[in-house]
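Peer 1: Sequence:
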Amino acid sequence: MNDIYLVKKGIYATIAYAFIMSITAVAAKQVQTQIAVPVLVFWQSLFCLVILFPQMWGKWQRRPLHVIKAHFLRSLGGFVGFLFYYWALNHIPLVEASLLRSCAPLCVPFVVLIMHRVMIPKARWLPLLIGFIGVALVINPTPGHFNPWHIVGFLSAVGLAFSMVTTRMLSSHVSGQETMFVYFAFSALMSLPLAFGQGESLALPSDTWIWVLLVSATLYVGMYLYTLAYTYAPASVVSPVSYIGIVFAGFWGWVIWGHVPDWLAISGTVLIFLSILISARLNRK
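Each residue of the sequence shown is one higher than the one before, counting from 1 in UniProt numbering.
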């Protein structure tokens, strides 16, 4: 297969991933009117563990300490990312929560700086500045419009950025299935004290099962497609294309909840996309 064919497959996988994950967000926002966020995180994690368990049977190996640390950081980042994203979904429009979570690439250089002491190149500062101006427009931190849940939505991007960096670290040592299995096991365990601390039961009302199964199944398929996309195409292609997910989120938000982004949110979206596009071009060079 030539490179162009593989890149096309990567683009198709990215678009499919973005669409599937928009359905995950819709189902999560819908079911969270009846169950708490930690309960949803527990069940989606357990569902994915059941699927992954046969794939990991007999494949476990003893891992060195640095791999265990990377597993922990990746799992913690992913857990925080989803937890904060779901919390934000309860309080702000779907398209804004999805957009803020998609800002993870803007946070990656700072995560690399913290974890590896690698300074941010001067050429990166312009796209980062453009991107964070876009974030500020979406959050709109003025006295009459400020909503702290926008900050929670952006913190989900920080968690996702940590998981992206550590997933890259793990990729040369362990399989993708192992990374996902450890992450989902960690998420299931960490969600338990949060659920019980809120006085919540893990028992699901009968009319929520279909929504929880939809969240879990689409999440697993979405993660599979995400991995597939990065297998076929470089990050410089996948990252900008994945922003089509914002269009899907905007469509669902408009059709189901009647949310129409204002001009500030639209302007912020354009600036964030522009910053990712510039960063992607820098990566190619």
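Misleading hints may appear alongside valid ones.
With beta-carbon atoms standing in for the labels, derived distance ranges [what the hints assert, rightly or not]:
(1) His145 - Gln34: 39 to 49 Å
(2) Arg62 - Trp125: 15 to 25 Å
(3) Leu6 - Pro121: 20 to 30 Å
(4) Trp57 - Asn140: 14 to 24 Å
(5) Val118 - Ser267: 28 to 38 Å
(6) Leu126 - Val221: 31 to 41 Å
(7) Trp263 - Leu126: 38 to 48 Å
(8) Ile133 - Arg168: 36 to 46 Å
(9) Phe72 - Pro205: 32 to 42 Å
(10) Ile51 - His145: 12 to 22 Å
These aren't lab readings, by the way, just hints derived from the structure by calculation. Since the model is a prediction, treat every value here as computed from it, not as a measurement. Beta carbons are placed, not taken as given, at the ideal position from N, Cα and C, and that holds for glycine.
Peer 1: All the hints need checking, so say for each whether the structure fits it.
Peer 2: Hint check results:
1. His145 - Gln34: 39 to 49 Å: Since the Cβ atoms of histidine 145 and glutamine 34 sit about 29 Å apart, the hinted range of 39 to 49 Å is violated.
2. Arg62 - Trp125: 15 to 25 Å: Distance hint for arginine 62, tryptophan 125 is violated at roughly 42 Å.
3. Leu6 - Pro121: 20 to 30 Å: About 28 Å separates the Cβ atoms of leucine 6 and proline 121, which means 20 to 30 Å holds.
4. Trp57 - Asn140: 14 to 24 Å: Because 50 Å falls outside the window, the suggested range is violated.
5. Val118 - Ser267: 28 to 38 Å: The hint (28 to 38 Å, Cβ to Cβ) holds, given that valine 118 and serine 267 are roughly 32 Å apart.
6. Leu126 - Val221: 31 to 41 Å: Given range 31 to 41 Å: holds, Cβ gap about 36 Å.
7. Trp263 - Leu126: 38 to 48 Å: Distance hint for tryptophan 263, leucine 126 is violated at roughly 24 Å.
8. Ile133 - Arg168: 36 to 46 Å: Given about 27 Å between the Cβ atoms, the range is violated.
9. Phe72 - Pro205: 32 to 42 Å: Since the Cβ atoms of phenylalanine 72 and proline 205 sit about 34 Å apart, the hinted range of 32 to 42 Å holds.
10. Ile51 - His145: 12 to 22 Å: About 42 Å separates the Cβ atoms of isoleucine 51 and histidine 145, which means 12 to 22 Å is violated.
Going down the numbered hints, you'll see the structure goes against 1, 2, 4, 7, 8, 10, while the others check out.
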